[in-house]
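Build out the structure end to end from the sequences listed, making use of the hints.
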Amino acid sequence: MSNHTEPDVVVIGGGVVGGAIALGLARSGARVTILDEGDAAFRASRGNFALVWVQSKGFGMPEYAMWSRRSADDWHGLATILSEETGIDVAHSQPGGFMLCLSQDELGKRVDAMHRLHNQTTLTDFPYEVLDHAETKRRLPDIGKDVVGAIYSPLDGHVNSLKLFRALREATTRRGVDYRPNCPVESITPRDGGFRITGPWGEIATAKVVLAAGLGNARLAPMVGLDAPVKPSKGQIIVTEKTAPFLHNPMVTVRQTDEGGVMIGDSQEDRGFDTVVGQPILSVMAERAVRMFPRLAGLNVVRTWSALRVMSPDGFPIYDQSQSCPGAFVVTCHSGVTLAANHVLTLAPAILSGVLPDAVASFSARRFHV
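Using our numbering, you'd call the opening residue of the sequence shown number 1 and step up by one each time.
These aren't lab readings, by the way, just hints derived from the structure by calculation. Hints are supplied without guarantee of correctness; some may be wrong.
Beta-carbon label-pair distances, calculated as ranges [what the hints assert, rightly or not]:
| # | residue 1 | residue 2 | range |
| --- | --- | --- | --- |
| 1 | Arg191 | Gly60 | 35 to 41 Å |
| 2 | Gly354 | Arg295 | 51 to 57 Å |
| 3 | Glu129 | Gly260 | 27 to 33 Å |
| 4 | Lys145 | Gly260 | 24 to 30 Å |
| 5 | Gly29 | Pro313 | 33 to 39 Å |
| 6 | Pro95 | Val370 | 38 to 44 Å |
Idealized CB from N, CA, C, for every residue including glycine.
In structure tokens:
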């Protein structure tokens with residue numbers, strides 16, 4: 001007979017992905033413990049751009065476009081749940097998003113990519129518009145003369161990611177989740193139909209374990225017969241001082257937060273685990289942003305930072321249950337904010353039931369071994 005103080009599920013990783021899974025599990029009635037490495041972690045949740053983004057996702061895997069769309073649709077429900085359970089407004093809105101282009105060549109490539117994406121038969125109900133300079137300027141009066149056009153999709157939105165992070169922590173705590181910071185995991189051992197998890201802090205037994213440790217999943221997954229071949233992709237972000245609201249819609253590289261600051265973030269670098277902020281990359285990002293919105297040139301920069309995204313070999317999520325150790329799951333993605341609604345409302349209840357939904361079958365790591 002199991003010890004009643006044992007959790008039903010241990011979630012390893014306390015970022016946006018782990019927090020969302022833990023909330024979904026707790027809302028489904030499970031006793032949950034989160035083991036979080038703490039602030040030493042390469043935490044993608046700290047450095048994300050806070051988009052709930054659908055446009056342009058899913059080339060080569062239309063299921064990813066459908067999965068992203070489903071989460072964007074369900075995000076209104078998640079924002080309501082978080083507000084009701086914590087009193088925190090995560091500033092979610094879905095006004096539609098723009099991709100601004102600074103040359104005809106860039107616009108042509110974007111349009112071509114969208115055509116190819118939408119020729120994947122299932123994506124007929126993913127609306128988007130191609131806008132010239134004049135129509136873009138009509139909708140976004142502050143753009144500069146260098147913007148030749150844009151692609152707009154009504155499906156895109158954004159949130160305040162720090163408020164989201166806080167709301168997930170608060171909601172899980174109120175639901176009785178046992179959050180344990182500074183608890184790095186050294187080993188996971190399948191035992192007695194469950195798992196024993198150990199670290200410098202001690203050990204814990206559980207019936208189910210969910211690996212939501214971002215880049216840490218690469219090391220942990222093989223301990224329970226899973227595969228998570230994830231690598232870091234470095235992204236850098238600039239944040240300006242607060243300014244009067246001028247940008248209601250998010251873009252893939254520029255967005256104004258609910259608090260007034262402007263975030264600029266565009267870079268992807270393959271630099272291993274280096275998180276040093278690099279001046280040349282920031283200069284290019286800043287220059288492009290000022291060409292898009294000349295008024296940004298007059299704003300002071302208050303912060304820059306970099307963080308590591310969690311990237312699988314093809315960029316799509318990895319969701320799996322172990323075949324050799326049933327009850328062990330891996331949940332890995334680089335769009336933890338966009339997919340948060342799916343993780344709370346769809347994936348977590350499925351993990352508790354022990355069967356992953358058909359909608360995520362194509363995200364198994366087995367696709368890397370065909």
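Comparing the hints with the structure gives:
1. Arg191 x Gly60: 35 to 41 Å: Given about 39 Å between the Cβ atoms, the range holds.
2. Gly354 x Arg295: 51 to 57 Å: With a Cβ separation near 54 Å, Gly354 and Arg295 satisfy 51 to 57 Å, so the hint holds.
3. Glu129 x Gly260: 27 to 33 Å: Since the Cβ atoms of Glu129 and Gly260 sit about 28 Å apart, the hinted range of 27 to 33 Å holds.
4. Lys145 x Gly260: 24 to 30 Å: With a Cβ separation near 25 Å, Lys145 and Gly260 satisfy 24 to 30 Å, so the hint holds.
5. Gly29 x Pro313: 33 to 39 Å: About 36 Å separates the Cβ atoms of Gly29 and Pro313, which means 33 to 39 Å holds.
6. Pro95 x Val370: 38 to 44 Å: Holds - the Cβ-Cβ distance for Pro95 and Val370, about 40 Å, lies within 38 to 44 Å.
Violation of the numbered hints given earlier is absent; every hint is satisfied by the structure.
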